[in-house]
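> The letter at position 84 of the sequence shown is residue 87 when you use my numbering, and the numbering goes up by one with no holes.
In case anyone wonders, no lab produced these hints; they're calculated from the structure.
Since the model is a prediction, treat every value here as computed from it, not as a measurement.
Please note that the accuracy of each hint is not assured.
[What the hints assert, rightly or not] In silico DSS-like pairs for lysine-lysine, Cα to Cα no more than 25 Å straight-line:
no.: 1; residue 1: Lys70; residue 2: Lys25
no.: 2; residue 1: Lys184; residue 2: Lys69
no.: 3; residue 1: Lys184; residue 2: Lys6
no.: 4; residue 1: Lys189; residue 2: Lys6
[To be verified] With beta-carbon atoms standing in for the labels, derived distance ranges:
no.: 5; residue 1: Gly61; residue 2: Glu154; range: 43 to 49 Å
no.: 6; residue 1: Leu105; residue 2: Ile30; range: 26 to 32 Å
no.: 7; residue 1: Asn120; residue 2: Lys69; range: 34 to 40 Å
no.: 8; residue 1: Lys70; residue 2: Glu162; range: 35 to 41 Å
no.: 9; residue 1: Glu154; residue 2: Ile56; range: 44 to 50 Å
no.: 10; residue 1: Pro50; residue 2: Asp174; range: 34 to 40 Å
We treat Cβ as the ideally placed atom computed from N, Cα and C, and that holds for glycine.
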Amino acid sequence: MIKVAIIIGSTRPGRKAESVAKWVHQIAATRGDAEYELVDIADYDLPLLDEPIPPSSGKYSKDHTKKWSAAITPFDAFVFVTPEYNHGTSAALKNAIDFLWLEWNNKAAGFVGYGSNGGTRAVESLRLVMGEVEIADVRRQVALSLRSDFENYTIFKPEAHHEKTLNKMLDQVVAWGTALKGLRSKDSEKS
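Kindly produce the complete structure, drawing on both the sequences and the hints.
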């Protein structure tokens, strides 16, 4: 079985990402097709990118980067839970992605976005980033509205139809993550 990280993509006080990610994890854990784990970027206390050498070299000088690298390396795929701030993803999530490169390569990703328009613009900005870090992102995504999926814009109460969409997205993430695992095995044989 592959390992899938559900990444909590916000560090903001009062964030909604944690409750959304726990919902994703709760549903994913019942599937039995992969190992799913919550990864909270807030736990890594990453400063604004402070590595002097580009991450593509894999030569990290900071302990927080080494810890973040060790956390991400074992995963075959990711579900990024992202808020939408000003038509984009959170700066904290973008920063966390930017710290690494090889750890992301030839893996799969899906997205759960939330915001006034379902977080769709945040997801679109992340899709561009995924291409650069060589993550294959799947088409399906979950778009949660602050109006209809959060009581009083704060308490997460997703509409029932989102579970079906989430499962279809997870189907794609697991299939692609499994297929790309073989590609990563071939890459490691070449080195």
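> Quick check on a hinted range of 34 to 40 Å for Asn120 and Lys69, using CB atoms only.
Because 37 Å falls inside the window, the suggested range holds.
> Are the Cα positions of Lys184 and Lys6 separated by 25 Å at most?
Within the cut-off at roughly 10 Å; holds.
> Please test the hint of 34 to 40 Å on the beta carbon pair from Pro50 and Asp174.
37 Å, holds
> Quickly compare the C-alpha distance for Lys189 and Lys6 to 25 Å and report which way the hint goes.
18 Å, holds
> May I ask you to test the hint 35 to 41 Å on the CB atoms belonging to Lys70 and Glu162?
Holds: the Cβ-Cβ distance is about 37 Å, inside 35 to 41 Å.
> Take a quick look at whether Lys184 and Lys69 sit within 25 Å of each other, Cα to Cα.
22 Å, holds
> Are Lys70 and Lys25 close enough, with their CA atoms no more than 25 Å apart?
The hint holds at about 23 Å.
> Hint says 26 to 32 Å; check whether the CB-CB distance for Leu105 and Ile30 agrees.
Roughly 30 Å apart at Cβ, these two residues keep to the hinted range, so it holds.
> Looking only at beta-carbon atoms, does the pair Gly61, Glu154 fall within the given range of 43 to 49 Å?
45 Å, holds
> Quick one: are Glu154 and Ile56 within 44 to 50 Å, going by C-beta?
Holds, since Glu154 and Ile56 (Cβ atoms, about 47 Å apart) stay within the stated range.
Checked against the numbered hints listed earlier, the structure breaks none of them; every hint is satisfied.
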